[in-house]
Amino acid sequence: AQSVTQLGSHVSVSEGALVLLRCNYSSSVPPYLFWYVQYPNQGLQLLLKYTTGATLVKGINGFEAEFKKSETSFHLTKPSAHMSDAAEYFCAVTKAAGNKLTFGGGTRVLVKP
Amino acid sequence: GAGVSQSPSNKVTEKGKDVELRCDPISGHTALYWYRQSLGQGLEFLIYFQGNSAPDKSGLPSDRFSAERTGGSVSTLTIQRTQQEDSAVYLCASSLSELEAFFGQGTRLTVV
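Chains as they are written, first to last, in my numbering: chain A, 354 to 466; chain B, 12 to 123.
Just chain B, same shape as in the assembly (with noise of 0.2 angstroms):
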């Protein structure tokens, strides 16, 4: 497809499992991002990555999170242990000329 894919599109985990969230850039474009949106602390950053690095990973809120890009294309999003807290939607976007962000649909996250 032309744009930012995400799977799945929604997820519903018990808490305490662990979850992976996908997301397929546009094709080429070199920078990734992953924001989370919640009704309480509305869209935050969690991590970018240029290529296969990340070189700001300041957003994750903690070690349960972590991500990696491999190929320079796909990347993967990882929650371990799942709290409630968790729960929100997860945004994936990408970026040729790092000004413009391509956002894909999100995959809701719910855990139960």
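In isolation and in its complexed conformation, chain A is listed as follows (with noise of 0.2 angstroms):
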């Protein structure tokens, strides 16, 4: 069975300082790995995706992310934050392609002015 681990429930971050948000998983395949976004009251829109390849995914808004297997982690950064960063934010691991995906508890980012 597959799980993901996002450490930390909640984030406080200043305008401009560094985003770091943590996503742990297990899976007995190489897993394709996604961040989303949930803004309020909306749907969850794709940031980036991990599929093969290159284990550092940039993706929109600034955000990237990599891949270290040996670590299990799919940890997602933005150098700088944005007022407009404030949202809450979902891992998510699937082993193949037509799978359902496995959510992380997700982490809900404040960013303060």
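What the hints contain is simulated information worked out from the structure, not anything from laboratory work.
Some hints here could point you the wrong way.
Stated by the list, open to error - Listed next, the in silico DSS-like pairs over lysine-lysine satisfying Cα-Cα at most 27 angstroms (straight line):
1) A:Lys465 - A:Lys411
2) A:Lys402 - A:Lys421
3) A:Lys465 - A:Lys422
4) B:Lys26 - A:Lys448
5) A:Lys402 - B:Lys68
6) A:Lys402 - A:Lys422
Hints given; two lone chains; assemble the complex.
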């Protein structure tokens, strides 16, 4: 069975500071990994995904994530937080195309001016 | 519209009543997923459709929950004899590549 752990249900950062959201997964097979963002009262929007190839993945809105197999991690970063980054972020894993996504518990990001 | 559309956006129902939630996927998307988002359980998978068939319905929590998809397009999630623990946001997603799922805004269900 797959599982995803997001360390920290809430993260507070200052505008302009580094955003770091941690995600660790367990999977019996090489996984496909995703980060989604959810703004209030909206659905989930894909930020970025890792399937194969380059382990550093760049996404929308200046976010990037690095797949580290040895650490079973897929942490999400953004060098400089913006007020518009305030949202909830979900890490997810699936083992194959067409399979269900297994989500972490989510991390709510608060950006302080 | 260009995105996944769900209706209604909000639904309040009395305990014991049946409810139907609708999902209109992006045109041409063959895969369709239902998820449930609740405070206690986070985001949970319910059911996956490929075309009109459901190869994975392992996430349906009880036999009160059922879903169908017709014409390879619209899907309906039905909850019979609703209970208070069914209160949640029900999210639908569709996919063409099966690796990138596009989510609707969800239906917020409140059982009173």
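These are the hints, each one checked on the structure:
no. : hint                : verdict
1   : A:Lys465 - A:Lys411 : holds (24 angstroms)
2   : A:Lys402 - A:Lys421 : holds (14 angstroms)
3   : A:Lys465 - A:Lys422 : violated (33 angstroms)
4   : B:Lys26 - A:Lys448  : violated (37 angstroms)
5   : A:Lys402 - B:Lys68  : holds (25 angstroms)
6   : A:Lys402 - A:Lys422 : holds (15 angstroms)
When each numbered hint is compared with the structure, violations occur for hints 3, 4.
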